[in-house]
Amino acid sequence: MSGNRWQERRVLIAVVVLAALGAATAVVTAFKVTDPWAVGGAAVGVAVVAAVLGFWQERYKRLTARRDEIAFKLQDGCLVLPSGRLPTVAQLDDPVRLGVHPAIVLPGAIETKPPAYVPRDIDDQVRERLAAGGFVLLVGDSTAGKSRTAYEAVRATLPDHVLIAPHDRTALAAAIEHTVRAGRAVLWLSDLEHYLGTGGLTREHIARITSGKGHRVIVATLRSAEQTRLTTQSAEGDEAARSAGREVREALEQAQVIRLARRFTAGELERAQARTWDERIASAVRQADEFGIAEYLASGPELQRDYDNAWEVGANPRGAALVAAAIDCRRAGYTSPAPRLLLEELHTAYLEARGGHRLRPEPVEEAWEWATRPRRATTALLSPTPDAAGDGVAVFDYLVDRRQQEEGPLAQIAEPVIRTALEHVHDPDDADQIASTTHQQGRYHLAESGYRISLTLRRQQLGEEHPSTLTSRNNLALVLKGLGRLGEAEAEHRAELAVCRRVLGEEHPSTLISRSNLAVVLGGLGRWGEAEVEHRVVLEVRRRVLGEEHPSTLISRSNLAVVLGDLGRLEEAEAEYRAVLEACRRVLGEEHPDTLISRNGLALVLWSLGRLGEAEVEHRAVLEVRRRVLGKEHPSTLTSRNNLAVVLGDLEQWEEVEVEHRAVLEVRRRVLDEEHPDTLISRHNLAAALWGLGRLEEAEAEYRAVLEVRCRVLGEEHPDTLISRNDLALLLGDLGRLREAEVELRAVLEVRCRVLGEEHPDTLISRDNLASVLKDLEHLKEIPDPDFHD
24 MSGNRWQERR VLIAVVVLAA LGAATAVVTA FKVTDPWAVG GAAVGVAVVA
74 AVLGFWQERY KRLTARRDEI AFKLQDGCLV LPSGRLPTVA QLDDPVRLGV
124 HPAIVLPGAI ETKPPAYVPR DIDDQVRERL AAGGFVLLVG DSTAGKSRTA
174 YEAVRATLPD HVLIAPHDRT ALAAAIEHTV RAGRAVLWLS DLEHYLGTGG
224 LTREHIARIT SGKGHRVIVA TLRSAEQTRL TTQSAEGDEA ARSAGREVRE
274 ALEQAQVIRL ARRFTAGELE RAQARTWDER IASAVRQADE FGIAEYLASG
324 PELQRDYDNA WEVGANPRGA ALVAAAIDCR RAGYTSPAPR LLLEELHTAY
374 LEARGGHRLR PEPVEEAWEW ATRPRRATTA LLSPTPDAAG DGVAVFDYLV
424 DRRQQEEGPL AQIAEPVIRT ALEHVHDPDD ADQIASTTHQ QGRYHLAESG
474 YRISLTLRRQ QLGEEHPSTL TSRNNLALVL KGLGRLGEAE AEHRAELAVC
524 RRVLGEEHPS TLISRSNLAV VLGGLGRWGE AEVEHRVVLE VRRRVLGEEH
574 PSTLISRSNL AVVLGDLGRL EEAEAEYRAV LEACRRVLGE EHPDTLISRN
624 GLALVLWSLG RLGEAEVEHR AVLEVRRRVL GKEHPSTLTS RNNLAVVLGD
674 LEQWEEVEVE HRAVLEVRRR VLDEEHPDTL ISRHNLAAAL WGLGRLEEAE
724 AEYRAVLEVR CRVLGEEHPD TLISRNDLAL LLGDLGRLRE AEVELRAVLE
774 VRCRVLGEEH PDTLISRDNL ASVLKDLEHL KEIPDPDFHD
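Quick note: the sequence shown uses the numbering used here, first residue 24, plus one each step.
Keep in mind that the hints were calculated from the coordinates and are not lab data.
Possibly wrong hints are sitting among the right ones.
Claimed, not checked - Label-pair restraints from in silico Cβ distances:
{"hint": "1", "residue 1": "HIS573", "residue 2": "LYS136", "range": "23 to 31 Å"}
{"hint": "2", "residue 1": "ARG309", "residue 2": "ARG442", "range": "41 to 49 Å"}
{"hint": "3", "residue 1": "GLN483", "residue 2": "CYS776", "range": "18 to 26 Å"}
{"hint": "4", "residue 1": "HIS531", "residue 2": "GLY379", "range": "25 to 33 Å"}
{"hint": "5", "residue 1": "LEU104", "residue 2": "ARG517", "range": "19 to 27 Å"}
{"hint": "6", "residue 1": "ALA372", "residue 2": "ARG650", "range": "35 to 43 Å"}
{"hint": "7", "residue 1": "ASP147", "residue 2": "GLY486", "range": "32 to 40 Å"}
{"hint": "8", "residue 1": "LEU364", "residue 2": "ARG760", "range": "53 to 61 Å"}
To be verified - Below, a list of computed lysine to aspartate or glutamate pairs in the DMTMM-like style, where the Cα atoms sit at most 20 Å apart:
{"hint": "9", "residue 1": "LYS655", "residue 2": "GLU720"}
{"hint": "10", "residue 1": "LYS655", "residue 2": "GLU595"}
{"hint": "11", "residue 1": "LYS798", "residue 2": "GLU765"}
{"hint": "12", "residue 1": "LYS655", "residue 2": "GLU430"}
{"hint": "13", "residue 1": "LYS798", "residue 2": "GLU763"}
{"hint": "14", "residue 1": "LYS136", "residue 2": "ASP117"}
{"hint": "15", "residue 1": "LYS655", "residue 2": "GLU679"}
{"hint": "16", "residue 1": "LYS655", "residue 2": "GLU639"}
{"hint": "17", "residue 1": "LYS136", "residue 2": "ASP331"}
{"hint": "18", "residue 1": "LYS236", "residue 2": "ASP183"}
All C-beta atoms, glycine included, are put in the ideal place defined by N, C-alpha and C.
Let's have the full structure, built from the sequences with the hints guiding it.
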């Protein structure tokens, strides 16, 4: 019997016993007992029992109500039998219901069963992992055969297990609860990206499912392009910057990843040859030199060809434009079926970009008929999927995969597309995904819009105090910090923290993250004393509750080290970083992201201490590992290369500095976009290198270009904008244009006084810079005019 069901049974027993005790007065009366002590005692006892009975009755009602709620959500949101019950693995004989792509139907054939399964090289590995239990994740390209391979392995290994397959994230919580209570169960999550993020699968969920008695397995699939998108983001920065994607990364880290190639190996092709009695397999084998067997059976290449050819003049360009809009909505983070109205609103821009009326586009009704027509009786480019908001369509993921592979996981979708998509959002998860994607891309204004929509929807649907609502509020505060609106970020974090304390408790992990994020904002405001107090409180709780070497405890120590450095207590900061680094190496390993972050932080402190040789050694070591583990173009690798170049600049190795900054800038322009904050940092640093090389006019041009973008993208008063303006002013001073320098420095000082306060360190730096320029101007006045003689 499951723990929850036994708890419900115990509560019912307690209710029955208490009800029996409550009959004491009736028993006393029936036997005509007249002793006042007996009658009075019975009356008092009944009163006490009545109060306790009320409590247990209410508890029983809550337990049964929760059980009924979970049962309803399971029936409404999970794959069930016609009876409404969850199936066992053996009872489900149609893999298409679990996300396997429908197979082609050859001309003249009337085939309804799935094609014969061609055993894959990884079959034994998958089945061994399933037998051992845990979280098994199959990763590969769209139509590589991930779902079919997992389906066959589950049926062969765990036929008697209950199969729990939620349709989407709304049913995930109920599915997890039922999986935890079951003795033997498979939680099936096809296209795992739909079940990650706010309100999605977490490390804690995975631990609950895979621990304890019984045999429970999570089986999931994930497209390679989606895995790259989810993991290709910088892990740099403070806890506020790192917390947004941490849950996703931690969940993925728990998985036993098994990769499946799209193209079949020689051994797999040989096994396919043995199954050519199935005409569909025989047809696929004939195309094996060009396509994978599963790829061909799912009509992926055929649908891609139809889409590409549709752009031809007089073909189906309007239908192709509808598909292109759907692909970009999906890439932007709109994971729900896209409303037809949204795609009709967007498709005109795609059509115009390809030639507009010169393509002789078909009527919109004909375009929809073409786009939604199944090819070879398998699937359509856009598959109709009615949703709560009206008629929606799901784009064939093969097309999305191809586009992501061509343009890269961080390629940006045009701003008008994103803003229009946000206007049609009805699911807060879609708003969150769009906001998260644009936040990662440095498009903070779009991220703010997405997070605000998500927060509004969650407040309406879940209430002000629901954990998902609090997460949305935290995300909004993070992007406000990125926009430099630190006062607003502080207000949001304080409001969220107050709710976390009241609802979740002082020591709940979410409360501690909220408090840590608030401390980071306080540091940004120059209130480092307050920030230190907050970080120390969070660190003390994490040490006591989680232990000295828990990753969250180590993050707190790292955050504290940052503040100690800001306070100028560099020796203390160095000691903290070295202690954290030693623990990370021992607990997480030499190449874990958190270990590298600690080593990078230590290098920055060494740089601040003026120990440039040691700082260079550390930065080179971190860069070498990141290049090897993450790749040359990963954001964290580029950060390391940038940091190394800064140290080399202080060592006045200007030629190498210029080469490094130009190389990083080229990659960031291509991978992140011209106006991404990291790209602008590289361009700003290149200007500093040109200044060091004595090429002042070139440096001025770069500084002005960066300043223009930052003013437009981040705003006139953003901290990064003020840094650009300050450095430009100093360069103007070196160029002898002291009056221009004075004007710029006075403007920077005025904003910093007003936004940061008179005593903020940046404000004091501005005062010093202005004083220096004024002194130079006074010196010029003291020099007498030259006396020229004939």
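Do the hints match the structure? See the list:
{"no.": "1", "hint": "HIS573 x LYS136: 23 to 31 Å", "in the structure": "violated (51 Å)"}
{"no.": "2", "hint": "ARG309 x ARG442: 41 to 49 Å", "in the structure": "holds (47 Å)"}
{"no.": "3", "hint": "GLN483 x CYS776: 18 to 26 Å", "in the structure": "violated (41 Å)"}
{"no.": "4", "hint": "HIS531 x GLY379: 25 to 33 Å", "in the structure": "violated (56 Å)"}
{"no.": "5", "hint": "LEU104 x ARG517: 19 to 27 Å", "in the structure": "violated (50 Å)"}
{"no.": "6", "hint": "ALA372 x ARG650: 35 to 43 Å", "in the structure": "holds (39 Å)"}
{"no.": "7", "hint": "ASP147 x GLY486: 32 to 40 Å", "in the structure": "violated (49 Å)"}
{"no.": "8", "hint": "LEU364 x ARG760: 53 to 61 Å", "in the structure": "holds (56 Å)"}
{"no.": "9", "hint": "LYS655 x GLU720", "in the structure": "violated (31 Å)"}
{"no.": "10", "hint": "LYS655 x GLU595", "in the structure": "violated (33 Å)"}
{"no.": "11", "hint": "LYS798 x GLU765", "in the structure": "holds (11 Å)"}
{"no.": "12", "hint": "LYS655 x GLU430", "in the structure": "holds (17 Å)"}
{"no.": "13", "hint": "LYS798 x GLU763", "in the structure": "holds (14 Å)"}
{"no.": "14", "hint": "LYS136 x ASP117", "in the structure": "holds (8 Å)"}
{"no.": "15", "hint": "LYS655 x GLU679", "in the structure": "holds (18 Å)"}
{"no.": "16", "hint": "LYS655 x GLU639", "in the structure": "holds (19 Å)"}
{"no.": "17", "hint": "LYS136 x ASP331", "in the structure": "violated (30 Å)"}
{"no.": "18", "hint": "LYS236 x ASP183", "in the structure": "holds (17 Å)"}
When held up to the earlier numbered hints, the structure conflicts with 1, 3, 4, 5, 7, 9, 10 and 17 and fits the remainder.
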